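Trainee: So the chains spell out like this:
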Amino acid sequence: MADSVPQVKKHKAFNHYVGLQANQLFKQFLNLDANGTIVKNPYLLTYAVTYSKLHLGIQGGFGYSYSLTKDKLSPSDLQSKVNNVFYRGGIFRNYIIGKKWEATTGVNYVGYYKLNRTVAFSVIHSGTGNVVTDSTATISTDLSKRKGTELQLSLGFHLSEHIMLFTEASFHYYMVRSKSNVLVSETVTNSDIPENDTFTLSTTNSDNEDASFDISLPLVLFLTIKF
Amino acid sequence: MKTKLVCVVLIISLYVLGFNSCTDESYKVTPHPVTLHLAGNGLTNDVTILGKVLFYDTHLSVNNGISCASCHKQTLAFSDDKAFSSGFQNELTSRNAPPIQNLRDNFRLFWDGRENLLEEMVLMPILNHVEMGMADEAALVERVRNQSYYHDLFEKAYGSADVTPTGIAEALSQFVKIIQVSNTRVDQNNLSALEKSGQQLFFEKYECNTCHLTQSPFGGGGYGGGGTTNNAGFVNIGLDAVSADPGLKNVTHKDEDAGKFKIPNLRNVALTAPYMHDGRFSSLEEVIDHYSHGIANHPNLDSRLKDEDGKPKQLNITSQEKTAIVAFLNAMTDFDMISDKGLSNPFH
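Residue numbers (our numbering), protein chains in the order written: chain R, 1350 to 1576; chain C, 6 to 353.
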């Protein structure tokens, strides 16, 4: 008769959580109203690791969006490329509530980087008889950096042993610095009086700082794998 | 195994994200030459003509990218078809762009009525850091001065080619004032049976006209009589139990004005979706559903939307009644205004 050894469940020293923002995914599956409440949480991916013994951990989040806009808004033709990068990192404490629930409270450093490059061209003919042409080319670059602190509260539910659904609320304080540069070249030509043709080049720079406080409600859902 | 699966998902996600991160510097923008057409548009006042050119000129934004008309489109009764419009950096505005029509001086302007004077109002979007981004009036004047066609336009309008902020503001406000809606089938009393049924429901059964005053071209809110003391045209219709947007309170700083917004003019309402200050309703049917059974119990809810017990009214508008009311509202469209060449883009 073989000895039967009682199985002792090993407690892992570290638990890893990898999350993916799932609001759009659920909207598609559940055919929810596309005009529903806009979710402001920008982090597409999150990662956290906890030390089981102390229920303390470190976490991070990352989000990215890119948009390309082309507009013909007479008299200008416009193309705009916008890159947004969001990131955060911090520490948190984990609370196990019963068998199915987990909650966390944490503090993060949050950052945001936005780069907007826009090019606009216009060529305008005016006048009768002497046709005057105004040509304008504009290249504008806007760089916005935001850094701050975030207090984060999360609540997670175990759908299974390894799959969880998390939501979070957060309170942010940001310092924002925005720099922009607009380079404009303008040419005016007169078909009959070429000696009156003009060319001007101007550049405008601005540098602004601002601070803001914001609250994000628990509307975001993260589909999280725990292992 | 699970760890490997997670890693694969992560790698694929990052690849998809990274693919779009390539920001090559080649801008494939081909400028299409346009001609400034000023003749044959029916306008005779030179100040108004100047105002029209300014209204449609993208050079009035800091990156020459957008004009007033970018968010106030003629075919949409000079409103926008988005909940929030995109400014010169593609940042979104904080409220829905209202239609420009039947405006006049001493008229409460914007959703929160923070401005009475048209000549002050017309420069605000141009100098707004989200909308058109001009740093100040001096930058605006410099930009306008650099466009050669304004030399003759200002000369004809004011007898001098000198470009001034006052001249720009006056011209824009004069153009905005000529955008009038007065030729709808409701004004002509030319309604179908369904539309008449909707009109009766609007006026008599549900008394929508106590607020919206459709018989007047200026109907609805906006009556200010000068100054900011008359707030009768601003109401809270119970969109939320707690207002995220303070509305009129931003101007008066009174708690009793939280969540109150200007009652809009319903002329051309069929063209001005989405609706409300935040564009939350995408159709007139959704608006009617709100009044039917969706009014929230806000502390500042207008008394006309409360029942005898002080609770939000449940109008319980039937689907047939909704169809009739929408038909009536659709009949308030002025097709002449939205196709009027005198109001159209002169750059083409």
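The reader is advised that the hints may include incorrect statements.
[What the hints assert, rightly or not] Within a straight-line C-alpha distance of at most 20 Å, the following computed EDC-like cross-link-like pairs (lysine to aspartate or glutamate) qualify:
(1) R:Lys1421 <-> C:Asp86
(2) R:Lys1496 <-> C:Asp141
(3) C:Lys78 <-> R:Asp1420
(4) R:Lys1528 <-> C:Asp141
(5) R:Lys1421 <-> C:Asp141
(6) R:Lys1419 <-> C:Asp86
(7) R:Lys1419 <-> C:Glu96
(8) R:Lys1494 <-> C:Asp307
(9) R:Lys1496 <-> R:Asp1563
(10) C:Lys87 <-> R:Asp1420
[Unchecked claim] The following label-pair restraints were derived from C-beta to C-beta distances:
(11) R:Val1525 <-> C:Glu147: 25 to 35 Å
(12) R:Asn1539 <-> C:Asp167: 13 to 23 Å
(13) R:Val1480 <-> C:Leu97: 36 to 46 Å
(14) R:Asn1432 <-> C:His37: 35 to 45 Å
[To be verified] A short list of chain C residues far from chain R (calculated; beta carbon distances all over 10 Å):
(15) Asp62
(16) Leu81
(17) Ala140
(18) Ser153
(19) Asp294
(20) Ser297
(21) Asp341
(22) Phe352
Calculated from the structure, these hints are not laboratory results. Given the structure is predicted, the values throughout are model-derived calculations rather than measurements. Yeah, the Cβ is synthetic: ideal placement off N, Cα and C, and Gly gets one too.
Trainee: All the hints need checking, so say for each whether the structure fits it.
Mentor: Hints versus structure:
| no. | hint | verdict |
| --- | --- | --- |
| 1 | R:Lys1421 <-> C:Asp86 | holds, 17 Å |
| 2 | R:Lys1496 <-> C:Asp141 | violated, 28 Å |
| 3 | C:Lys78 <-> R:Asp1420 | holds, 14 Å |
| 4 | R:Lys1528 <-> C:Asp141 | holds, 17 Å |
| 5 | R:Lys1421 <-> C:Asp141 | violated, 26 Å |
| 6 | R:Lys1419 <-> C:Asp86 | holds, 17 Å |
| 7 | R:Lys1419 <-> C:Glu96 | holds, 15 Å |
| 8 | R:Lys1494 <-> C:Asp307 | violated, 43 Å |
| 9 | R:Lys1496 <-> R:Asp1563 | holds, 13 Å |
| 10 | C:Lys87 <-> R:Asp1420 | holds, 16 Å |
| 11 | R:Val1525 <-> C:Glu147: 25 to 35 Å | holds, 27 Å |
| 12 | R:Asn1539 <-> C:Asp167: 13 to 23 Å | holds, 21 Å |
| 13 | R:Val1480 <-> C:Leu97: 36 to 46 Å | holds, 39 Å |
| 14 | R:Asn1432 <-> C:His37: 35 to 45 Å | violated, 27 Å |
| 15 | Asp62 | violated, 7 Å |
| 16 | Leu81 | holds, 14 Å |
| 17 | Ala140 | violated, 7 Å |
| 18 | Ser153 | violated, 5 Å |
| 19 | Asp294 | holds, 13 Å |
| 20 | Ser297 | holds, 17 Å |
| 21 | Asp341 | holds, 22 Å |
| 22 | Phe352 | violated, 4 Å |
Hint check: violations occur at hints 2, 5, 8, 14, 15, 17, 18 and 22; the rest are consistent with the structure.
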